[in-house]
Amino acid sequence: MKKPRSSIAALGGLCLALSLCIGLALGNSGCSSESEVDDETIVLEFWTIALGDAFADYINGMIADYEAQTPGVKVKWVDVSGGEVAEKFIAALVSGDPPDLANVYDLPRFLDYDVLANLDSLVNDEERDRYLPNFWRGMGQYQGANYAFPFYGGVSMMWYNKEIFAAAGLDPEKPPTTMAEMMAMGRQIRERTGKYGVSWRLHPSLGSPAWLLLRLAGVWPLFDETRSHTTINSPEARAMFQQWIDAYEDGVIPPEALAAAHRDEVNWFIEGRAAIMPFSGGWITRYFDRNFEAKAGMAPQPRGLSGRVPGSSQVLVVPRMSPHVEQAVDFGLFVTSPKYQLEFCSYVAILPTTKAAAADPFFQQPPRDQSDRANQISAASLPNSFVAAPPDVKGWSRMEDILYEEFAKAMGGQQTAEVALERIERKWNHLLRYAGS
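Mapping of the sequence shown onto this note's numbering: position 245 corresponds to residue 245, and the numbering continues sequentially without gaps.
The set of hints was computed from the structure by calculation and includes no laboratory data.
Each hint should be verified, as a subset may be incorrect.
Said to hold, decoys possible - Cut-off 25 Å, straight-line C-alpha distance, at most; resulting in silico cross-link-like pairs (DMTMM-like, lysine to aspartate or glutamate): (1) K394 / E173; (2) K88 / E127; (3) K355 / D114; (4) K74 / E45; (5) K88 / E400; (6) K162 / E45; (7) K339 / E127; (8) K427 / E225; (9) K427 / D106; (10) K76 / D125; (11) K174 / D369; (12) K394 / E127; (13) K74 / D330; (14) K162 / E256; (15) K409 / D246; (16) K295 / D171; (17) K88 / D106; (18) K394 / D106; (19) K76 / E343; (20) K162 / E173; (21) K427 / D65; (22) K174 / D97; (23) K394 / E40; (24) K76 / E40; (25) K76 / E87; (26) K162 / E293; (27) K409 / E127; (28) K76 / D330; (29) K427 / E405; (30) K394 / D114; (31) K88 / D114; (32) K339 / D129; (33) K162 / D289; (34) K339 / D360; (35) K355 / D97; (36) K162 / E181; (37) K88 / D129.
Start from the sequences, fold in the hints, and give me the full structure.
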């Protein structure tokens, strides 16, 4: 459930109004509105993203449990579509009437404007220790503090088409284990079958943006210790860029990869146009028919030079201007508790972010279907995973746009890897100087 790139411009256009209203709201509560039904009842507004159709019973049951054990508190649940949540969240902040607990995208933009509550200052050590460390210090990490509850998680795994593997002269029972092997097998598939080797698209909203490819290749961190200069322009980064440029030019990756829409890479894989789909999970099985199920192989995510597997998490945040910050934090702890995470995991192929839920025998029981099996592969990689959070530098949202634009130009043959990295380096350093002034 990632944010589409089309919303970036709309977000940027609201930033000035957002910063002005935040200053007023935090200074004198002038933008805030009361959420109480009466003098004694607190109403918490809770936003989720696209969970209403399939998980209404689960969410409503959890809310009923919380209200039963917390007299004087009611929860108003609002389910928002993924394509609208960032704009709606900013509009709610600007209006002075934000949700109290919200599942959001585009976290770096909100962190830049200091509109979210610092959870490290609101959650005690015992409560914090219930979470897996890489998830607590994950997507919400910014300048040494955490600003987000890890709602639920995932660790990348890989799907591949065993029928295409066999046609290319590859052993269907020996999928690639490294990124280099994946590219080599993808090239062999392209040469021998005419199919695309790797189903992948270049887009910041996907789980494998360019900065993540750099991290997997061991090009990390991207900035010096003072965050005043970037270190991206290195031989290792040029080698990574060139690897993907060559793969695109050689037809290992579909030509539409530079301008693909949401889930196009899933369609290419299921339609049999491409043989390998990395950076995936059990959720795509909902699109399989019985014929494709027999062809679909699954394996752990191929590893890069870092030797680790990328993970991610959906997050819940508490706006600083909420009139009920402490109560919202209490509800956030309740929603992300082991009990409700484990129940959620029983309904859909996701992973928990708490230690107790991750250790539950549920994840070792015999899989019921391919989705369960894929989720178990992801769960087995949890100990060797890292949360694929972007760098926590001020202005990262614009920096990511620049990285996307220059990498896309290089893959499209409009410039070399060297020129792309020089341009990224120059533009990033300019933004860093501006941020520090």
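Outcome of the hint check:
| no. | hint | verdict |
| --- | --- | --- |
| 1 | K394 / E173 | violated (45 Å) |
| 2 | K88 / E127 | violated (30 Å) |
| 3 | K355 / D114 | violated (29 Å) |
| 4 | K74 / E45 | holds (9 Å) |
| 5 | K88 / E400 | holds (22 Å) |
| 6 | K162 / E45 | violated (47 Å) |
| 7 | K339 / E127 | holds (14 Å) |
| 8 | K427 / E225 | holds (19 Å) |
| 9 | K427 / D106 | holds (21 Å) |
| 10 | K76 / D125 | violated (29 Å) |
| 11 | K174 / D369 | holds (21 Å) |
| 12 | K394 / E127 | violated (28 Å) |
| 13 | K74 / D330 | holds (13 Å) |
| 14 | K162 / E256 | holds (23 Å) |
| 15 | K409 / D246 | holds (13 Å) |
| 16 | K295 / D171 | holds (13 Å) |
| 17 | K88 / D106 | holds (12 Å) |
| 18 | K394 / D106 | holds (13 Å) |
| 19 | K76 / E343 | holds (21 Å) |
| 20 | K162 / E173 | holds (8 Å) |
| 21 | K427 / D65 | violated (51 Å) |
| 22 | K174 / D97 | violated (54 Å) |
| 23 | K394 / E40 | violated (40 Å) |
| 24 | K76 / E40 | holds (16 Å) |
| 25 | K76 / E87 | holds (20 Å) |
| 26 | K162 / E293 | holds (10 Å) |
| 27 | K409 / E127 | violated (46 Å) |
| 28 | K76 / D330 | holds (15 Å) |
| 29 | K427 / E405 | holds (12 Å) |
| 30 | K394 / D114 | holds (11 Å) |
| 31 | K88 / D114 | holds (18 Å) |
| 32 | K339 / D129 | holds (16 Å) |
| 33 | K162 / D289 | holds (15 Å) |
| 34 | K339 / D360 | holds (10 Å) |
| 35 | K355 / D97 | violated (34 Å) |
| 36 | K162 / E181 | holds (16 Å) |
| 37 | K88 / D129 | violated (32 Å) |
Consistency with the previously given hints fails for numbers 1, 2, 3, 6, 10, 12, 21, 22, 23, 27, 35 and 37, ordered from lowest to highest.
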